[in-house]
Amino acid sequence: MLLKMAVLSMFKHPKRTILIVLAVALSVFVMEFVSGWIEGMRDRMNRQIVEESAHVLVERTERVDSLDPLETKNYIADPGSIAAQLSTDARVRHVERVTPFGALVLAGSRSLPMKIVGVEKDSGFFAQVPRGRLEGSFPPSGPGIAISRKALDLLGASFSSRLIVLVEDAYGMPSYRELPVTCVFATDATDFDTSTAFVDAGTTSEILGTADSAELWLRLGDPEDAEAVRDFALAFLSGHDCIAKTWKELQGGMLVMIRYMDLFMLVINVFVLVVAATVITNAILMNVFEKQKEYGTLRAIGMKRSEQAFLVLAEGATQGLAGAVLGAALALPVVLFLKANGLPIGEASRMLGGGDVMYFGTNPVSTLQNIGFGTLIAVAGSLYAAVFGTRASVVDALKNV
Amino acid sequence: MALIDMRDIEKDYSLGRTTIRALRNVSLSVGAGEFTAIVGPSGCGKTTLLNLLGCIDRPTSGSISFDGFPTASLGDDAEAQLRLAKIGFIFQSFNLVPVLTIAENIEVPLMLARKPKRERRVRVEELMELVGLTSYARHKPDELSGGQRQRVAIARALANEPRLVIADEPTANLDGATGESVLEAMKELNEKNGITFLFSTHDPRVMRYARRIVRLRDGEIEGEEVS
Amino acid sequence: MTLPGLAARNVFRNRRRTFLNTIAISIGVALMFICLGWVQGYQTYIYGAVIRFQTGSAQLLREGYEEEAARLPLDLALPEYRQVRGRLLATPGIEGASGRVDFAARLIAPAGSVRLLGQGIDAEAERDVTALSRKIVRGSYLDGQPGLLLGSGIAGKLGLEPGAVVFVSATDRYGVENRTALPVRGIFSFGYGAMDDGIVYLDLPSAQYLLDLDDEVTRIVLAGPGGDGVRAAAAGFADGLGASYPPTKAYGWQEFAKATVSGVRTDTYSFYIVAVILFGLIIVGILNSMSMSVHERTRELSTLRAIGFRRRDAKRLILLEGLILAAIGTAAGLLVAAPVAAWLGIRGVDIAGSIPKDFPVPFGEMYHADYRPWHALVSAALGIGACLAGSIIPARRVARLPIAQTIGGGM
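Going down the list, the sequences are from chains A, B and C.
Position 6 (the first sequence) corresponds to 6 in the numbering used here; numbering is contiguous.
Each number in the numbering used here comes from the position in the second sequence (counting from 1) with 401 added on.
Each number in the numbering used here comes from the position in the third sequence (counting from 1) with 628 added on.
Simulated from the structure, these hints should not be mistaken for lab results.
Source: prediction; values computed, not measured.
Among the hints, erroneous ones may be present.
Partial chain C-side listing against chain A, Cβ under 7 Å, derived [what the hints assert, rightly or not]: (1) ALA652; (2) SER741; (3) ARG743; (4) LEU745; (5) GLY781; (6) LYS785; (7) THR799; (8) VAL904; (9) LEU906; (10) VAL912; (11) GLY913; (12) ASN916; (13) SER917.
A virtual CB, placed ideally from N, CA and C, is assigned to each residue, including glycine.
The following block holds chain A by itself, in its conformation from the complex:
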């Protein structure tokens, strides 16, 4: 019945109850919105790590500090045997030869400097490309180039057009190939689309005049095993003048950004929570003081201080939970909408690790945490009010109007 009294009491002062509930709801809404943003960044990073790029990357030591990461030299001489050795580790699911190189892509009088990536025909990486495929097939099989719609527009070309790929081969000699466009794609990142195209491994060998590959990309069963696999690989890679890097080292910039955003958003959350807490505490205190006479009566007829405190806490906790759930319920459709459609914040989304728009993400654990925090501020406010509310003696409480 004490709980019933607490709940019914809430409806006796609807305006104040609404104030407390809304203050909690607003705080939780802000926290959910911010969490959704961060989750979206994390989702994108995870997708990049898990589907689009390597968990561990192996390359020649000389390439690490190379001035031009797209130069066509310092390739791995015996990629097949290294790949075989790497595959003996049970944590490694897939090893692939990937060769990015710089080229000038020409169509008529127009040209576009691009990064061409030579991939194997069963490539498990660059998932954003098949996801955004518009025409043709990816990876290209046989002589052909997979290129974005945006890049084709810049070149004034289209699907099936023939493009010239001009490179400096492994011997420093200019070399070119004329390739048909066999795949057109469009991802959500303009930078990627206008700077990257793909050819198959055979075409890469032909163009560059070498069967060696620039990099070996590893996909692991669990990305968290990356450091351990790197350490395993380093044991024999040094004999091939190669080193390995984990995805954390490769995505360092994005990780830094996420850490920065985490901190920034934590600060914002704390400020909002503190101010909401003062509003809520004030409102709950008002409730307690207004009901002093009622509490005095109950104490006179035998209620203990602890039971009175329970009444205050129960009311605060109920309001807090209601507000927290309301805030989460209001935020969820917004976050889901932004998860599906993204938030266009301009070029900043690229800076923050997104594509052309920032897509939000959802995380049930994070939502439950935010509901917990929202409830907690109301409970904390009630605790404070309960301490002061139960201080008054029975007589003083009864004197209240």
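Dock chains B and C against chain A, hints included.
Coordinates of chains B and C only, in the frame set by chain A:
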């Protein structure tokens, strides 16, 4: 043995920097089954005296014992337990919990005493019948008249079968006829069930009901009458 | 006893409530002040850096160039550069005009080769438009001689110093790869990785020769006194170029720093949204608090009305209490914010380690906020405004108290 025994009680209150002596050297015994009125003009200390007798306040000096046990040594929770088990309260402004129904208001002391649900239900029904409000069980206090609310307060005060019921100006907010009917109900309970009633009043019509009248003036017992 | 004196005593009557309200107000004011200075820092330092380092206040480009900028289209160049420049300098609102040619360059040095953005610049004209000539850390600027300027980052990687000869390779407007040897005249450093590692400047004639351009540039960078006024002046100029000149468009500097502008805007709007939420909560909190305070003092306030307080006196009393609360909270907020502001403004925040090297915003090594007196005034005004806003309804209630009914204590 007296139900309540007060000896040499003094009670002071601070009002800012001033100390007001509300009771001076008061000694009073109340026996079981008494129907006693504490009378006196406004500000004479009636409410203070009742508060001390009801263990909701403590004296500045002096001793109070209830059923032979000194109350000075009781902690806060123990005092609450004493009030719950042995003392019922009826207030001038009824002091019902506005969000609870009549039945629930009466049930509160039973709930606080951790009585089983079934037992509580039976007792509540008994009490509502006693005060003639069975058909108002689901009503809220603001749907009742003053007299009806005071009867609910009486029922609540009797819930745990107390030894003593303290009523501070129980008829002050009631019209003449209603006040009289409330007093009749209290008197009947006193005579039939032997419950000790202590109430304060400055209304002479109400004093007629008391078998013992203790007169208070300026915080001191001026005199007593027994009828 | 004066009305303000009475109001002040009332505020300190309930210390706990006053304390809670003060915390809320001071947090709002402190946060507002700190954020205003932080955002101002963007305008002062970052936007200023972008304009001074690279973009100028506005630019003239051929129509269609910007849409195809990814391929650095030399076929969309602006002809008759010298003549156009002369006319631009005669245009009111434009004080500097410097032509540039953008192209994909490859530097070939003994230590290796590297691809980066090449910019042929009209060196003398560039002095009036960007700070490049003042950022030379070794060697000299391009003073009328063929040569190139390297960023300190790239010079370090290639192991080049002033006087070294470097080959510059590029594809000209006809698709032919050309190569020319040029001496390194100077090394520049902006403290901004994207430029120090990513751009090589050539003197304009050498770039035009390499790319087979005549008196043509791909853009003309403009400077002037008026900020947005420069773009407007350039737009007017472009409209008056005549039908014989290729269609030309004027762009504000923001067009060439979209990442920076977008990032700053996102940050700024986030601050403002949080500020709105905070001050909204503060208003509601004060409203609640003052209502309670009024409720507790109903009898007292009715008594004051009974003995002669006019309605407006009663209203003023409550508003004054709100104002006093505001003053305390605002002062506390500014006091707390002051050392933070001093630290952010004078010492700055070392963010070099936290920002990726290729981050497209010229934060520099240390980020400094920029605090102005009006920031404190605005923050204080908001704090005071929020308190007054929260006090209005309770003040009105007090003014409307029915004396007879409430002088006994209840409403």
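Check each numbered hint against the structure and report the violated ones by number, ascending.
4, 5, 8
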